[in-house]
Amino acid sequence: MTAPTTESSMSTSSRAEVCAAAIADAFADDGEIFASPMGMLPMLGVRLAKLTSNPDLVISDGESLFLGGTPPLFAKADVVEGWIPFRRVFDVVAHGKRHVMMGATQVDRLGNQNISAIGDFARPKRQLLGSRGAPGNTVNNRTSYWVPKHGPRVFVENVDIVSGVGPARAKAAGPGASKYNDIHRIVSNLGVFDVKGAGDTVRLLSVHPGVSVEDVVAATGFALTIEGDVPVTREPTESELMIIRNVLDPKNLRDREVPPVEAGAK
Amino acid sequence: MSKPREKVMTIDEVVAQLSDGMTIGIGGWGPRRKPMALVRAILRSDLKDLTIVSWGGADVGLLARAGKIRKLVYAFVSLDSVPLEPNFQKARQEGTIPEIVELDEGMFQTGLYAAAQRLPFLPMRAGLGSDVLVNNAWIKTVASPYADENGDFEELTAVPALKLDVALVHLNRADAHGNATYLGPDPYFDDLFVQAADKAYLSCEQIVDTAGLTVDTPVQRLLISRMMIDGVVETPNGAHFTLCTPDYERDEKFQKAYAAAAGGSDEDWAAFEARFLSGDEDAYQAAVAAFHAELEGAK
Numbered sequence: 000m001t002a003p004t005t006e007s008s009m010s011t012s013s014r015a016e017v018c019a020a021a022i023a024d025a026f027a028d029d030g031e032i033f034a035s036p037m038g039m040l041p042m043l044g045v046r047l048a049k050l051t052s053n054p055d056l057v058i059s060d061g062e063s064l065f066l067g068g069t070p071p072l073f074a075k076a077d078v079v080e081g082w083i084p085f086r087r088v089f090d091v092v093a094h095g096k097r098h099v100m101m102g103a104t105q106v107d108r109l110g111n112q113n114i115s116a117i118g119d120f121a122r123p124k125r126q127l128l129g130s131r132g133a134p135g136n137t138v139n140n141r142t143s144y145w146v147p148k149h150g151p152r153v154f155v156e157n158v159d160i161v162s163g164v165g166p167a168r169a170k171a172a173g174p175g176a177s178k179y180n181d182i183h184r185i186v187s188n189l190g191v192f193d194v195k196g197a198g199d200t201v202r203l204l205s206v207h208p209g210v211s212v213e214d215v216v217a218a219t220g221f222a223l224t225i226e227g228d229v230p231v232t233r234e235p236t237e238s239e240l241m242i243i244r245n246v247l248d249p250k251n252l253r254d255r256e257v258p259p260v261e262a263g264a265k
Numbered sequence: 000m001s002k003p004r005e006k007v008m009t010i011d012e013v014v015a016q017l018s019d020g021m022t023i024g025i026g027g028w029g030p031r032r033k034p035m036a037l038v039r040a041i042l043r044s045d046l047k048d049l050t051i052v053s054w055g056g057a058d059v060g061l062l063a064r065a066g067k068i069r070k071l072v073y074a075f076v077s078l079d080s081v082p083l084e085p086n087f088q089k090a091r092q093e094g095t096i097p098e099i100v101e102l103d104e105g106m107f108q109t110g111l112y113a114a115a116q117r118l119p120f121l122p123m124r125a126g127l128g129s130d131v132l133v134n135n136a137w138i139k140t141v142a143s144p145y146a147d148e149n150g151d152f153e154e155l156t157a158v159p160a161l162k163l164d165v166a167l168v169h170l171n172r173a174d175a176h177g178n179a180t181y182l183g184p185d186p187y188f189d190d191l192f193v194q195a196a197d198k199a200y201l202s203c204e205q206i207v208d209t210a211g212l213t214v215d216t217p218v219q220r221l222l223i224s225r226m227m228i229d230g231v232v233e234t235p236n237g238a239h240f241t242l243c244t245p246d247y248e249r250d251e252k253f254q255k256a257y258a259a260a261a262g263g264s265d266e267d268w269a270a271f272e273a274r275f276l277s278g279d280e281d282a283y284q285a286a287v288a289a290f291h292a293e294l295e296g297a298k
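Chains as they are written, first to last, in numbering that gives the first Met the number 0: chain A, 0 to 265; chain B, 0 to 298.
Chain A extracted, bound-state conformation (with noise of 0.2 Å):
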């Protein structure tokens, strides 16, 4: 067990930082591209890059605006940079230099996506937001995928819907679909995943501090490709704790959406 007796430390890191620290890194390699994190976690992660790994990122204020600077999570008063109103996203992602990270509803072993509904599509049992940008994304810029609950209705071994399309599908509709389908990191509340496993399929990169592979494997309703001794997730840096705590979200909202692992406990 990785949780400390001194709580107080700098250095105690929460699974919350550490996550965020796990989607920085997804972004470290990435130069000077539009980042767009969908939701909490992705957005404070990005800005965490953007402020230490790779300051040539580009970001948005979610809406229609490039930030010049890097503001706190929900923050609105910022420099501005550029214009990027909902049909100039379509443009870059069109262009490909953009990394988006996602949602998941569902997520299958050969990392294809699910947001569009949960059964049949004809009749589904749950319907959700529809397939929005997925199936264009995973065929023209890089794709990630945030999971803040891990589990093995999350982690399927079909998707129900496929909106965002995995390698093995993108491979299979031809080069069309295939020449820019790049689905980079899947990140969960328990570990770090890729799509480069034998056959395309999902395979398990590091277990987060506190977490086992067993953990990980009976959270997950495919069979994981896992090579070798799996390594475990980064803590976050001394400077990127500070970053998170005082800059980007002095609120403390990360622990709403990853709640802290209380110690002694997985």
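Mixed in with the good hints there might be a few duds.
Here's a subset of chain B near chain A, in silico, CB distances under 7 Å, partners left out [unchecked claim]:
{"id": "1", "residue": "Phe75"}
{"id": "2", "residue": "Gln88"}
{"id": "3", "residue": "Asp103"}
{"id": "4", "residue": "Arg124"}
{"id": "5", "residue": "Asp130"}
{"id": "6", "residue": "Ala157"}
{"id": "7", "residue": "Asp185"}
Derived pair list, reagent style DMTMM-like, types lysine to aspartate or glutamate, alpha-carbon separation capped at 25 Å [to be verified]:
{"id": "8", "chain 1": "A", "residue 1": "Lys96", "chain 2": "B", "residue 2": "Asp151"}
{"id": "9", "chain 1": "A", "residue 1": "Lys96", "chain 2": "B", "residue 2": "Asp147"}
{"id": "10", "chain 1": "B", "residue 1": "Lys139", "chain 2": "A", "residue 2": "Glu256"}
{"id": "11", "chain 1": "A", "residue 1": "Lys75", "chain 2": "B", "residue 2": "Asp246"}
{"id": "12", "chain 1": "B", "residue 1": "Lys252", "chain 2": "A", "residue 2": "Asp60"}
{"id": "13", "chain 1": "B", "residue 1": "Lys139", "chain 2": "A", "residue 2": "Asp119"}
{"id": "14", "chain 1": "B", "residue 1": "Lys252", "chain 2": "A", "residue 2": "Glu256"}
{"id": "15", "chain 1": "A", "residue 1": "Lys96", "chain 2": "B", "residue 2": "Asp185"}
{"id": "16", "chain 1": "B", "residue 1": "Lys252", "chain 2": "A", "residue 2": "Asp119"}
{"id": "17", "chain 1": "A", "residue 1": "Lys250", "chain 2": "B", "residue 2": "Glu266"}
{"id": "18", "chain 1": "B", "residue 1": "Lys47", "chain 2": "B", "residue 2": "Glu98"}
{"id": "19", "chain 1": "A", "residue 1": "Lys148", "chain 2": "B", "residue 2": "Asp79"}
{"id": "20", "chain 1": "A", "residue 1": "Lys170", "chain 2": "B", "residue 2": "Asp147"}
{"id": "21", "chain 1": "A", "residue 1": "Lys124", "chain 2": "B", "residue 2": "Asp267"}
{"id": "22", "chain 1": "B", "residue 1": "Lys2", "chain 2": "B", "residue 2": "Asp215"}
{"id": "23", "chain 1": "B", "residue 1": "Lys255", "chain 2": "A", "residue 2": "Glu62"}
Since the hints were derived computationally from the structure, they do not count as laboratory data.
C-beta: ideal position from N, C-alpha, C; glycine also.
Here the structure of chain A is known, so what remains is to put chain B in place on it, guided by the hints.
Frame of chain A, contents of chain B only:
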């Protein structure tokens, strides 16, 4: 001096131009700058069997709950701060919309472009490999006639034109002839909607002189030209409860009440309808004012 024709109408005169079975495109985006006064007028009408084309918000939810939609073309339906639109969810889960066309949101734009340019389709990647092409088997792919850098002739989605009979949009300011400006940060796709339609009707917060359109805002905000517009209606607060920045933001308190009623019992919805949707637009706006006065009074 000769002047272009004036097109000022009432809400009811706009709705009188619509007929059963029409394909109607609704501008705005999700819970943003929707022509809600016109949507409410459709709710009050006898219109039926409509095909609704919308990046959807409460416009879709309300029309679905009223049983007005025979076919729905959408990429998402969301209220943002309430992610899942309860009336839309209910309609889908109970199967009350006979025909469903769920597209990728970029395909939706491409389909409007194709219609606006009088093309049968335009190619794009979105849709390939996804269930959008499985659940809409009528949407075909097309092979590029040109080899790519690898010598492949790429197969691309042939996004069909989203041809509209009528477009309904809401902007901040317009003149009596149909020239119009948006004053918020995003034009959305209202110019595309009106160009994809045979007839287009524009509601606005305020009708001003033509010269007034650019008196306090840059010319680049003149999104819509009168040659695309068939009627103009002044409907102050007409996008309520969606946002119409900078005239007003989204009415989150009202939206919460709407979502609670829509997601509640049949009685909850009947009470909401009786309170807000049983009268004309003036009655609606008065009921909204009373709703807020009541909230204030409860403090």
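How the hints compare with the structure:
For phenylalanine 75(B), the suggested interface contact is upheld, since its CB lies about 4 Å from the closest CB of chain A, less than 7 Å. This hint holds: glutamine 88(B) has a C-beta 4 Å from the nearest C-beta of chain A, less than the 7 Å allowed. Of the supplied interface hints, the one on aspartate 103(B) holds, with its beta-carbon coming within about 4 Å of a beta-carbon of chain A, less than 7 Å. For arginine 124(B), the interface hint holds, since its Cβ comes within 7 Å of a Cβ in chain A; the closest pair sits about 4 Å apart.
The interface hint given for aspartate 130(B) is met, as the beta carbon of that residue sits about 4 Å from the closest beta carbon of chain A, less than 7 Å. Here the hint on alanine 157(B) is broken, as its CB sits about 11 Å from the closest CB of chain A, past 7 Å. Below 7 Å, beta-carbon pairs count as interface contacts, and aspartate 185(B) has one with chain A at about 4 Å; its hint therefore holds. Of the supplied pair hints, the one linking lysine 96(A) and aspartate 151(B) holds, its CA atoms being roughly 23 Å apart against a limit of 25 Å.
For the proposed pair lysine 96(A) and aspartate 147(B), the alpha carbon gap of about 20 Å is at most 25 Å, so the pair holds. A C-alpha spacing of about 41 Å is found between lysine 139(B) and glutamate 256(A), which places the hinted pair above 25 Å, so the restraint is violated. A hinted pair counts as satisfied when its Cα atoms are at most 25 Å apart, and lysine 75(A) with aspartate 246(B) qualifies at roughly 18 Å. Pair hint lysine 252(B) plus aspartate 60(A) holds up; C-alpha atoms about 23 Å apart against a cutoff of 25 Å.
Restraint check for lysine 139(B) and aspartate 119(A): satisfied, since their Cα atoms lie roughly 22 Å apart, inside the 25 Å limit. For the given pair, lysine 252(B) sits about 23 Å from glutamate 256(A) by alpha-carbon distance, which is consistent with the 25 Å threshold. With a C-alpha separation of about 21 Å, the suggested pair lysine 96(A) and aspartate 185(B) falls inside the 25 Å cut-off, and the hint holds. Between the alpha carbons of lysine 252(B) and aspartate 119(A) the distance comes to roughly 34 Å, so the proposed pair goes past 25 Å and is violated.
Of the supplied pair hints, the one linking lysine 250(A) and glutamate 266(B) is violated, its CA atoms being roughly 39 Å apart against a limit of 25 Å. For the given pair, lysine 47(B) sits about 14 Å from glutamate 98(B) by alpha-carbon distance, which is consistent with the 25 Å threshold. Proposed proximity of lysine 148(A) and aspartate 79(B) is supported: the alpha carbons are some 21 Å apart, at most 25 Å. A threshold of 25 Å between alpha carbons decides the hint, and for lysine 170(A) with aspartate 147(B) the separation of about 16 Å falls inside it, so the pair holds.
Among the hinted pairs, lysine 124(A) with aspartate 267(B) is consistent with the structure: their alpha-carbon atoms are about 22 Å apart, no more than 25 Å. Under the criterion of a C-alpha separation no larger than 25 Å, the hint pairing lysine 2(B) with aspartate 215(B) is consistent with the structure, at around 23 Å. About 21 Å separates the Cα atoms of lysine 255(B) and glutamate 62(A), which keeps this hinted pair within 25 Å; it holds.
Consistency with the previously given hints fails for numbers 6, 10, 16, 17, ordered from lowest to highest.
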